[in-house]
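So the protein lines, in turn, are chains Z and H. Mapped onto the numbering used here, the consecutive letters of the first sequence carry residue numbers 1 to 262. Mapped onto the numbering used here, the consecutive letters of the second sequence carry residue numbers 1001 to 1326.
One should not assume that every hint holds.
Which residues of chain H face chain Z? A few of them, derived with a C-beta cut under 10 Å, are [unchecked claim]:
(1) 1009
(2) 1061
(3) 1098
(4) 1103
(5) 1106
(6) 1137
(7) 1141
(8) 1223
(9) 1224
(10) 1250
(11) 1261
(12) 1263
These are computed hints drawn from the structure, not numbers from a lab. Predicted model only: the values in this text are computed from it and were never measured. Each residue gets a CB set at the ideal place from its N, CA and C atoms; glycine is no exception.
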Amino acid sequence: MKICVLVKEVPDAAVQKRIDPSTGRMDRGGEKNLNPYDTHAIEAAMQIKEGGAPVDEIVAVTMGPSSAVRALHKAVSLGADRSVHLSDDALAGSDVAATGYALAQTLKRENPDLVLLGQQSDDGECYTIGAVVAEHLSMPSLTQVIKLDLAGEELTCERQAEYGYDTVKIQTPAVISVGDAINEPRYPSLKAIMGAKKKPLDTVATGDVEIDASKVGGDNSGAQWTSAKAPPSKAAGLIIEDEDTDETVGKIVAWLDERKLL
Amino acid sequence: MSNILVYALHYDGAINKNSLGAISEGARLAKQLGGEAHAILVGENIPQELAAGLGEYGATKVLTADGPDGLGQPVVDAMASAIQNGDYKYALFGGGLLGFEVGAGLAARLGAGVAMEITTVRAEGGELIAERPILGDSSISEIKYRSDVGIIIGRLNAFEITKDGAGAATVEAITYEPSKQSAQAQIVTRGEQRGADVDIEGANVLVAGGRGLGKAEGFDLCNDLAGAFGGNSAVAATRAVVDAGWYPYAGQIGQTGKTVAPKLYLAAGISGAIQHKVGMQASENIVAINKDANAPIFEFSDLGIVGDLNKILPKLTEAIKAKKGS
Ligand SMILES: Cc1cc2nc3c(=O)[nH]c(=O)nc-3n(C[C@H](O)[C@H](O)[C@H](O)COP(=O)(O)OP(=O)(O)OC[C@H]3O[C@@H](n4cnc5c(N)ncnc54)[C@H](O)[C@@H]3O)c2cc1C
Ligand SMILES: Nc1ncnc2c1ncn2[C@@H]1O[C@H](COP(=O)(O)O)[C@@H](O)[C@H]1O
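Kindly generate the complete structure, drawing on both the sequences and the hints.
What follows is the structure, given as structure tokens:
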């Protein structure tokens, strides 16, 4: 079987994210890294393979600018066998629906038995790419899965939804977005990091995967993100840096006491 | 016409509160657009009264469709069919998990624009404009729709429940063709409550613990502190630690947990992710202890302590006991 893992390059969490006021879009400058939530999806694929399922290949797939190859290198160092990079200026500014469509077209060429992805991208935070991709591939899908067992062509998935934990059985091929509680991702070995650039990497443009250019890009997205404005300002809270804990605790108690909370 | 179709999630014979908010919001917006708000319920044996009752919140018509409870894709099938056979310009969802899945799937099926985590919607020139806070709520984006149908997925608790309806709604049972993918999923169990039954909704004081507690035993520190407050206090948790099995699901605050508004909410080792914030931001007083000065929770705390909870909590417990004893 073949597992495709969707990965994304995102601004490093340590770097301040910001919006470019002239375009209303995310400013994607600065340090970048593999979206940390996607490392759980790669790890889930590795555990399926190591668990004895007949996995022939794990393929990392991304859509993004040329710099996104670094996210693919990282994915490969974590265990993917090869990667596919969808990169085309025509895709810039695509909304969730357009991104999901473009990724689905890229996946069609791979014909995977299972598509795994992260619960959210650290920058876009839409939580929904999986549902869009699944629809375009006519595959069943589930988000926030924290336990995944594969037996033949049947997946047993557990996830927390709004009323508690649900267990769902799904026939592959399927698209599963995994929650961050599903596993503890491994660290790549030095050898894997060094070898990552030598693994096959296929760079494709919209035409190579039959993406209809009139359905992607900022100008063709159904949702138009117009402007960014500041939220209503709220009085900042009091911040205490704990240096002398007895003193800190004294201040907390006084603060609570003043507000009659004790 | 400018009708709005609202998804109503239901469980155990009751409609989800966020769906009631979405129906109220849909009714308000539809009036401004000169159209109607309709609701759709998908499930097994939906009681007629449950559906008709949505009229109170402003739905003029309620569509019901047979389908498995608790899965998203059958709802996509039913809603896509209702939209294709009806006259809808927008589809609206309350916050939650299924609404996100259904809204996104529907956008793909219909080739429609979609935006999620919406906190405000307004009508302008016959169109709806949605607002979404982004980047940890530090900025707000506006979204307009260019597609025939616009899909709006609300943030948890964003839409207020109002009962401005004219009484019972008309109920219409609809049929639809289940998609191939819907037939490939089967729900085995739904709504399993993991861990003990703890009551956090009635508490005046909530001590909430997160991954920063380090291990399940870390909750002892929270229990001790809640004990020192005494009276009507309880211990709550984030999803991260509930998924890890450190604390019962019944004590979880947030998007897929409870919504609370105690007099005092004290967070220990909680980063303050949006999905947690939406369940507790209405608390009267918010205190946070976190060792990372950049933790998002400090953005919405009234009192923030930058420090190690292992050092602070035991001493705070003792100090409160001493204060109360005096
Ligand atoms: C669809 C969806 C639904 C979700 N629903 C929910 C929900 O209902 N409820 C919910 O809570 N989350 C929910 N989440 C998850 C949410 O996004 C966060 O992952 C989660 O809230 C993080 O929990 P946490 O704060 O305990 O952990 P973390 O984010 O890991 O934060 C731990 C914090 O502890 C601090 N810390 C560590 N050690 C110490 C120490 N010794 N002293 C002091 N501080 C320390 C760290 O600095 C850090 O800020 C949902 C996510 C999604 C995508
Ligand atoms: N441009 C992209 N390329 C590949 N995968 C993506 C991309 N954007 C999002 N994803 C995947 O979709 C998941 C959810 O992202 P989001 O819906 O943006 O929160 C991420 O964890 C990734 O696995």
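Hint check results:
This hint holds: residue 1009 of chain H has a C-beta 7 Å from the nearest C-beta of chain Z, less than the 10 Å allowed. For residue 1061 of chain H, the interface hint is violated, the least distance from its beta-carbon to any beta-carbon of chain Z being 25 Å, above 10 Å. Hint status for residue 1098 of chain H relative to chain Z: holds, with the closest Cβ pair at about 6 Å, below 10 Å. Evaluation of the residue 1103 of chain H hint against chain Z yields a held restraint, the C-beta minimum of about 7 Å falling below 10 Å.
With its C-beta approaching chain Z no nearer than about 8 Å, residue 1106 of chain H sits inside the 10 Å limit, and its interface hint holds. Of the supplied interface hints, the one on residue 1137 of chain H holds, with its beta-carbon coming within about 6 Å of a beta-carbon of chain Z, less than 10 Å. Hint status for residue 1141 of chain H: holds, given a least beta-carbon distance of 5 Å to chain Z, under 10 Å. Residue-level restraint check for residue 1223 of chain H is violated (minimum Cβ-Cβ distance to chain Z is 18 Å; threshold 10 Å).
With 10 Å as the threshold, the beta carbon of residue 1224 of chain H stays out of range of chain Z, its nearest partner Cβ sitting at about 14 Å, so the hint is violated. Given the 10 Å rule on beta carbons, the hint for residue 1250 of chain H holds: about 9 Å separates it from the nearest Cβ of chain Z. The closest approach between the C-beta of residue 1261 of chain H and any C-beta of chain Z is roughly 14 Å, which is over the 10 Å cut-off, so the hint fails. A least Cβ separation of about 6 Å between residue 1263 of chain H and chain Z falls short of the 10 Å threshold, and the interface hint therefore holds.
Of the hints listed earlier, those the structure fails to meet are numbers 2, 8, 9 and 11, in rising order.
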